[in-house]
Amino acid sequence: MRREVPLVLTAIVGITMIIAHFIPPLNILKNLFEDWFFIIAAFAIYLGILNLILINGDKIYKKQKGWPFGVVVILGFLVITVIGIFFSGGKSFQDPGTPFYYIYMNLYYPLSATMFALLAFFVASASYRAFRARNVEASMLLGAAFILMLGRVPIGYWVSAGLGHALAYAADWIMDFPQTAGQRAIMIGIALGVVSSALRVILGLERAYSAGE
Amino acid sequence: MNETTNQEKKTFWEKLLSIDRRIIFLFIAVAISVPLFFKTSLDMPVSPVVQEVYNAIDKLRAGSKVLVSFDYDPSSMPELQPMAESFFRQCFRKNLKVIIMGLWPQGPLQANIALEQVFKDEDIKAKNLQYGIDYVNLGFTAGNEVVIDRMGHDFRESYPADSRGTPLSEIPLMKGVRNYDNIDLILNLSAGYPGTMEWVQYAVDVFHVKLAAGNTAVQAPSMYPYIQTGQLAGVLGGMKGGAEYEIAIKNPAKAVSYMFSQAIAHAVICFFIIIGNIAFFSLRKKKTS
Amino acid sequence: MSKRENVTKARAGKSVTLDLSFLFLIFLALFLLFGQSILAEEVPTAQEEIAIPKDSVLPVPPTNVIAKDIPNDKGGAITISWERSADDGGGAKNVTGYEILRSTKRDEGYEHIGNVPPGATSFSDNVTKDKVLYFYKIRAISPTGTSESEPSAPAFSKRQWFDFSRLSLFILSLIIGFAIFYFIEKAKSEKGLFIRKIAGLEAVDDAVGRATEMGRKIIFIPGIMDMDSMQTIAGVTILGRVAKLAAEYEAKLEVPVSKSLVMVTCREVVKEAYLNAGRPDAYNDDMVYYLTDDQFAYAAALDGIFLRDRPAAVFLQGQFYAEALILAETANSVGAIQIAGTAMPTQLPFFVAACDYTLIGEELFAASAYLSKDPKLLGSLKGQDVGKFIFLLAILIGVVFLTLNSVLGLNLPDLRELFKGI
Numbered sequence: 001m002r003r004e005v006p007l008v009l010t011a012i013v014g015i016t017m018i019i020a021h022f023i024p025p026l027n028i029l030k031n032l033f034e035d036w037f038f039i040i041a042a043f044a045i046y047l048g049i050l051n052l053i054l055i056n057g058d059k060i061y062k063k064q065k066g067w068p069f070g071v072v073v074i075l076g077f078l079v080i081t082v083i084g085i086f087f088s089g090g091k092s093f094q095d096p097g098t099p100f101y102y103i104y105m106n107l108y109y110p111l112s113a114t115m116f117a118l119l120a121f122f123v124a125s126a127s128y129r130a131f132r133a134r135n136v137e138a139s140m141l142l143g144a145a146f147i148l149m150l151g152r153v154p155i156g157y158w159v160s161a162g163l164g165h166a167l168a169y170a171a172d173w174i175m176d177f178p179q180t181a182g183q184r185a186i187m188i189g190i191a192l193g194v195v196s197s198a199l200r201v202i203l204g205l206e207r208a209y210s211a212g213e
Numbered sequence: 001m002n003e004t005t006n007q008e009k010k011t012f013w014e015k016l017l018s019i020d021r022r023i024i025f026l027f028i029a030v031a032i033s034v035p036l037f038f039k040t041s042l043d044m045p046v047s048p049v050v051q052e053v054y055n056a057i058d059k060l061r062a063g064s065k066v067l068v069s070f071d072y073d074p075s076s077m078p079e080l081q082p083m084a085e086s087f088f089r090q091c092f093r094k095n096l097k098v099i100i101m102g103l104w105p106q107g108p109l110q111a112n113i114a115l116e117q118v119f120k121d122e123d124i125k126a127k128n129l130q131y132g133i134d135y136v137n138l139g140f141t142a143g144n145e146v147v148i149d150r151m152g153h154d155f156r157e158s159y160p161a162d163s164r165g166t167p168l169s170e171i172p173l174m175k176g177v178r179n180y181d182n183i184d185l186i187l188n189l190s191a192g193y194p195g196t197m198e199w200v201q202y203a204v205d206v207f208h209v210k211l212a213a214g215n216t217a218v219q220a221p222s223m224y225p226y227i228q229t230g231q232l233a234g235v236l237g238g239m240k241g242g243a244e245y246e247i248a249i250k251n252p253a254k255a256v257s258y259m260f261s262q263a264i265a266h267a268v269i270c271f272f273i274i275i276g277n278i279a280f281f282s283l284r285k286k287k288t289s
Numbered sequence: 001m002s003k004r005e006n007v008t009k010a011r012a013g014k015s016v017t018l019d020l021s022f023l024f025l026i027f028l029a030l031f032l033l034f035g036q037s038i039l040a041e042e043v044p045t046a047q048e049e050i051a052i053p054k055d056s057v058l059p060v061p062p063t064n065v066i067a068k069d070i071p072n073d074k075g076g077a078i079t080i081s082w083e084r085s086a087d088d089g090g091g092a093k094n095v096t097g098y099e100i101l102r103s104t105k106r107d108e109g110y111e112h113i114g115n116v117p118p119g120a121t122s123f124s125d126n127v128t129k130d131k132v133l134y135f136y137k138i139r140a141i142s143p144t145g146t147s148e149s150e151p152s153a154p155a156f157s158k159r160q161w162f163d164f165s166r167l168s169l170f171i172l173s174l175i176i177g178f179a180i181f182y183f184i185e186k187a188k189s190e191k192g193l194f195i196r197k198i199a200g201l202e203a204v205d206d207a208v209g210r211a212t213e214m215g216r217k218i219i220f221i222p223g224i225m226d227m228d229s230m231q232t233i234a235g236v237t238i239l240g241r242v243a244k245l246a247a248e249y250e251a252k253l254e255v256p257v258s259k260s261l262v263m264v265t266c267r268e269v270v271k272e273a274y275l276n277a278g279r280p281d282a283y284n285d286d287m288v289y290y291l292t293d294d295q296f297a298y299a300a301a302l303d304g305i306f307l308r309d310r311p312a313a314v315f316l317q318g319q320f321y322a323e324a325l326i327l328a329e330t331a332n333s334v335g336a337i338q339i340a341g342t343a344m345p346t347q348l349p350f351f352v353a354a355c356d357y358t359l360i361g362e363e364l365f366a367a368s369a370y371l372s373k374d375p376k377l378l379g380s381l382k383g384q385d386v387g388k389f390i391f392l393l394a395i396l397i398g399v400v401f402l403t404l405n406s407v408l409g410l411n412l413p414d415l416r417e418l419f420k421g422i
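Those protein sequences? They're chains C, Y and V, same order as listed.
Going by our numbering, the letters in the first sequence line up with residues 1 to 213, in that order.
Going by our numbering, the letters in the second sequence line up with residues 1 to 289, in that order.
Going by our numbering, the letters in the third sequence line up with residues 1 to 422, in that order.
By construction, these hints were calculated from the structure, which means they are not laboratory data.
Note that the structure is a prediction, hence the values are computed from the model and not measured.
Take every hint as true, because none was put in to throw you off.
Derived DSBU-like pairs (lysine-lysine); straight-line CA-CA distance at most 35 angstroms:
#, chain 1, residue 1, chain 2, residue 2
1, V, K68, Y, K175
2, V, K68, V, K105
3, V, K93, Y, K210
4, V, K271, C, K65
Next up, chain C with everything else stripped away, as it sits in the complex (with noise of 0.2 angstroms):
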C-alpha cells in the first residue's frame, strides 16, 4: 500500500492535469490540485525551519566544529522574522520607512548582491580556464565569444567604428541568428525530454524519487 497509494494518486493528478489543459470545464479540477500544492508547498516550509533549527541547535549543543555560525543562523532567523511580524506595520511591513524595510535594504539587499557579484569573478576565472582554441569547433566558439564580449559593450561599438561599427553588429547578428536557433534546439529537445520523462512518471515507471526501485 505504501508504494501503491503515491503511484495511484500520480497518475489520477497527472492524467487529470494533462485531459484539463483541453477541457475546459476540467479547470476547476486543475485549480483545485495546483491549490493543494500551494498549500503543501507552504507548510512544508515549517519542516524545513524546524530542520534548520534543530541541525544548529544540536550543533551549538554540542559545540560542534563551526558552532559560532549555528549562532548566527538562528539569532538571524529569530530577530528577522521577530521584527517582521511585530513590529513593521503589519500588511504594510515592506513599505519604506518600516524597520523590516531597513534590515531588507541594509543587511539582506547588500549580501545577496554580493554574491551575484561573485559571478563576474568567476565567468572571468572559468573564461580563462576554457576558452582554449584546442580544435577548430573552440576556436569558432572563442571568436563567437570575443564578438559578442566586444560587441555588446560600447567598446566594440567604438574599436569598429572605422568599419561600420561591425563588431556591433556581428554581435548582434550571432544573437539574432545561430544563438537563437541553438536555443531553440535545446528547449525543442529539453520539452521533449520533460514529456518522456512525466509521462513515465505518470505510468508509474518511473519510481526512484518516492523511494522505489
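Starting from the known structure of chain C, fit chains Y and V onto it as the hints suggest.
Quick look at chains Y and V alone, frame taken from chain C:
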C-alpha cells in the same frame, strides 16, 4: 645559455596557464571599480529589441493601463532596477496608469524602491501622483504561473486586495480592470523563475496580451526566439539593455554610467583569454618540437 | 533474482498495460460523449444610420455592438466588441471612456457591469449564466454627457467540452504519447536497445570511488527548485543511484537542499538506497538537511561547505539558476570532481566550462533509463525521438516552403499556421 632561457620561457608559460585565480579576481575588481569613479557618458545606439519596448509604451494614450510584474530580488537590482526606474519615468511622463505586482516575494518591495527614486524627479513630483489613482501596488502572491493564468480570468482570483490590504473594488484605478482585456501592455522584469517564459506561455499564448520584458543578461538570449515569433514585443537585456532604454527615454542614468565599468571588465576578460591562448599554443609548440 | 524484484517487475508490466488501456479509454469516451462543440450563433444586427443633430453636445454613440460566446472555455463568459465613438480620438475628441451595460431584456433593465478607457473596442463579461440570453449596450462618456449605442443582438454563453484552439497540440501530444507507449511495450520483447554513451553518467562510479579512496565527502545538490520541477525529479533519481554506490563503497554522502519537500523526498530516497545496498545502519537522517529557500543564501552556504569540508566529488543535478557558476567554480577550486546536469539552457554553458562532466538537457532526463538499463525506460527514450523527428521534419519542410515562396514567388502553405495552437 639557450637551455636556461628555454627553461625560463617554459616555466613562465606554464605558470601563466596555472595562474592563481585570485590574480584574475584582482584584475577584474580593479577593472570594475576604478571606472565607477569616472563620470562618463557613453554614446551607444539603441538596438531594435530595446527600441520596440520603448515604442510599445510610447504608442499608448494617456490613461492607458499598464501592468508591471516585478519578478526579481536584490541580487539582480543592478541590472533590472534601472529598467524599472526608466519604465516608471516613461509611464508617468505619458500619464499612464501603472499597476504593480510581483511573483517573487521581494518584487513589490523592489517596485517601492524604484518609485521612491523616480518620485524625486522634479517633473514627476510636479504631477502629484496619487496612490490608488495613478498607480497601485498589488503586492506578492504565491502561485507562480498559476497566478498568471488566473489573472487572465479575473485579477481578484489572485489579488482580492492590494499590498496594503485595501479591496480592489475600493481602489479607483482598479475599477473597470477585471482581467488582461482591460490592460494595454504588460512589462515583466524578470531574473529567473517565475518570469518571462511563464508570462509568454500563460498570458501571451492563452490570453493574447501584449508583453515586453526586461531580463538579466544571462536570461536575455533565451528570449530571442519569442521576439522572432511575435510573442514578445521587445526585450531589455542586461545592463546594456537598461542603458539603451535610458538613452531611448532621454534620461541617461545609472545603467549608462555602469556601462563604462562593464566595457572595461569585458576587455580585461578578453585580454586574459588572449594571454591564456598564447600560453597554450606556446606550450603546445614546445611539446611538439 | 529475488522475490521482491520479480513482484516489482510483474507489477510494473501490469501497470503500464493497465495505464495504457485506461488512458485510451478516457480519450475515446471523451470524444464520443463530448465530441463536437456548438458555437453560439451570431444573429447579425442591421447596420443602422444614427442621425446626429448638428448642435448636439453629447458624444457620438458607439456603433455595431456585437456580443458572442467566448469559444473554447468552460462557459460563463461573453465577449462584446464595438466600433468606437466618432468623438473618441477624432471629432470633438472628448470621450473619456465607455461603460458596458447588460440586460436580459432588449429595451429595459440595463445594469452597469464594467468600464473601459477611451480607445477600447472590446470587453469580456466573465460573470454570465450559461444559456441565458443577454443584451449589451455601450455608453460613451464625456464631460458634456453620455450617449448609448443600440443594443446588441442577444447572445448566450455556454461551455465547450473541448478547446479546439489547442487541437494541433492535442494531436501532437497523442502522436508523441503513443509513440512512447508503443516503444515501451516493444522494448519488453526487444533486447539490447542501443543508447549512446553518456560520459557524465559513466563517471558516477569513478567519482564515488574517488571519494572513498580520498576519505572525503560526496556532496549531492539536487538543484534549487521544488518537487514540481521535472529536473528536480530527475536529479533525485540520480541521487538514488549515487546513494546506493556510496552505501556500497562506504563513502560519506551529504545532501544539502533548498526546499523542504525536496528534503523529505531525498531522505526517503537515500534511506531506501542504503536499505537496498544492505547498509541501513549507515544511514542517518542528518545526511539530508535543509539550508534555506533563498537562492544566494543557499549558494553562500554551499560555498562555505565546499571550502571547509573540501569534498572529493560534487554532483550538481537538477534545476539551477545564477548560482550555478558560483557553485561550480568554488567546487573546482577545492579540487573536487564535478558531475553536473541541468536542462536550463542559460546555465549549461557555465557548467560545461567549469565542470568535469555535464549532462546536457535531455541527458539529465535520460539518466534514470541509462543507469538502470531498464528496457521499458530505454523504450521511452526511443519514443521521444519520434517527437524529435516530427519537429525536424516540420522545420525542414517549413524552411523549404518559405524559401521557395520568397525566392520563386510560389504560394506554398505556411506551416506556422498548423502549429498555431501549440
